[in-house]
Amino acid sequence: SSPPSERKGQTITAKMMANNLDLLGALLVGLAGSGHCIAMCGGVSAALSMAIPADRQHFWGRLCYLLNYNLGRLLSYVIAGALVGGLLATTSELGAGKHALAGLRVIAALLMIALGLYLAGWWQGVLLLERIGAKFWPLIKPLAGRFIPFTSALHALPFGMVWGWLPCGLVYSMLAWSAAAGSAGGGALIMFFFGLGTLPTLFALGGLADRLRYWLTLRSLRLGGALLLMAYGLHTLWIGLASF
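The sequence shown begins at 65 in the working numbering and counts up one residue at a time.
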């Protein structure tokens, strides 16, 4: 048998590869979910555009506001991922430990598969999560109104942070994935990469890339991303079940 140091090195390498796959998968969800982002955030983008002062309604002005808005949105995702990942990691240490994290990974895998089915247009079950979140959204939404109309680009940052909590099946699925990361840092990174994946769509919605919006809504792109996501979900499910 191999010496303990070699086995430890192999374990670390395997864990690093799994973490990298998690981040790539999160980025893929953000990119493949463009159609859903357009449906969910189209109204937000319209409100953002209308709130920009008239003298800033040019490319560089809009870009500045969009950057701040999306930075705020990504900050909300990262905070949520860190809270979920850190809280459940602490809970698992106090309770079932390894088995608790394995259970979370199984749940995350099933949500990945459900998300892939949704992105492909084959099953809408993920939308049930949005209906649950929609019950709490009216308590948060009024906060965004305090920052519009914008008096400066910096006001778009807290505006984006509020809208980062918009009920969204994609976000909720990714939070389950973050919970299975096993740490606050891991959960934050998964949500950060998911947020990065959504940036092309949100910038296209902001009116900066009409051609990009066309490519992002292609059926072939969504279907390819959905199939890859389901394949990764099945792989994650196998890992989770093997960990029990």
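By construction, these hints were calculated from the structure, which means they are not laboratory data.
Some hints here could point you the wrong way.
[What the hints assert, rightly or not] Pairs of lysine to any residue residues, derived as SDA-like cross-links and limited to a Cα-Cα distance of at most 20 angstroms, are as follows:
no., residue 1, residue 2
1, Lys-205, Gln-188
2, Lys-199, Gly-107
3, Lys-199, Pro-213
4, Lys-205, Ala-248
5, Lys-205, Ala-110
6, Lys-205, Trp-186
7, Lys-199, Ala-115
8, Lys-199, Gly-99
9, Lys-205, Leu-138
10, Lys-205, Pro-264
11, Lys-205, Gly-288
12, Lys-199, Arg-120
13, Lys-199, Tyr-236
14, Lys-205, Ala-115
15, Lys-205, Gly-304
16, Lys-199, Met-114
17, Lys-205, Val-226
18, Lys-205, Gly-185
19, Lys-205, Leu-95
20, Lys-205, Cys-105
21, Lys-205, Leu-221
22, Lys-205, Leu-305
23, Lys-205, Met-104
Against the structure, the hints:
With a C-alpha separation of about 25 angstroms, the suggested pair Lys-205 and Gln-188 falls outside the 20 angstroms cut-off, and the hint is violated. Among the hinted pairs, Lys-199 with Gly-107 is consistent with the structure: their alpha-carbon atoms are about 19 angstroms apart, no more than 20 angstroms. With a C-alpha separation of about 26 angstroms, the suggested pairing of Lys-199 with Pro-213 is violated against the 20 angstroms cut-off. Straight-line distance between C-alpha atoms of Lys-205 and Ala-248 comes to about 26 angstroms, which puts the hinted pair past the 20 angstroms bound.
Distance check on the hinted pair: Lys-205 and Ala-110 sit about 16 angstroms apart at the alpha-carbon level, within 20 angstroms; holds. Proposed proximity of Lys-205 and Trp-186 is contradicted: the alpha carbons are some 31 angstroms apart, above 20 angstroms. The straight-line distance between the Cα atoms of Lys-199 and Ala-115 is roughly 26 angstroms, outside the 20 angstroms bound, and the hint therefore fails. Taken as a hint, the Lys-199 and Gly-99 pair is broken in the structure, with Cα atoms around 23 angstroms apart against an allowance of 20 angstroms.
Under the criterion of a C-alpha separation no larger than 20 angstroms, the hint pairing Lys-205 with Leu-138 is consistent with the structure, at around 17 angstroms. Restraint check for Lys-205 and Pro-264: not satisfied, since their Cα atoms lie roughly 24 angstroms apart, outside the 20 angstroms limit. Of the pairs offered as hints, the one joining Lys-205 and Gly-288 is violated, with about 34 angstroms between alpha carbons and a cut-off of 20 angstroms exceeded. Using a Cα cut-off of 20 angstroms, the hinted pair Lys-199 and Arg-120 is violated, with the two alpha carbons roughly 36 angstroms apart.
For a cut-off of 20 angstroms, the pair hint linking Lys-199 to Tyr-236 stands: about 14 angstroms separates their Cα positions. For the hint linking Lys-205 to Ala-115, the alpha-carbon distance of about 16 angstroms falls within 20 angstroms, and the restraint holds. Taking the CA atoms of Lys-205 and Gly-304, the gap is about 36 angstroms. The hint is violated against a cut of 20 angstroms. With a C-alpha separation of about 27 angstroms, the suggested pairing of Lys-199 with Met-114 is violated against the 20 angstroms cut-off.
For the hint pairing Lys-205 with Val-226, the CA-to-CA distance comes to about 7 angstroms; that is within 20 angstroms, so the pair holds. Between Lys-205 and Gly-185 the alpha-carbon distance is near 29 angstroms, which puts this suggested pair outside the 20 angstroms criterion. Restraint check for Lys-205 and Leu-95: the C-alpha separation of about 25 angstroms exceeds 20 angstroms, so the hint is violated. Proximity of Lys-205 to Cys-105 is assessed by CA-CA distance (about 13 angstroms); at most 20 angstroms being required, the pair is judged to hold.
Proposed proximity of Lys-205 and Leu-221 is supported: the alpha carbons are some 15 angstroms apart, at most 20 angstroms. Only pairs whose Cα atoms come within 20 angstroms are accepted, and Lys-205 paired with Leu-305 is rejected, the gap being roughly 39 angstroms. At most 20 angstroms may separate the alpha-carbon atoms for a hinted pair to count; Lys-205 and Met-104 meet this at roughly 14 angstroms.
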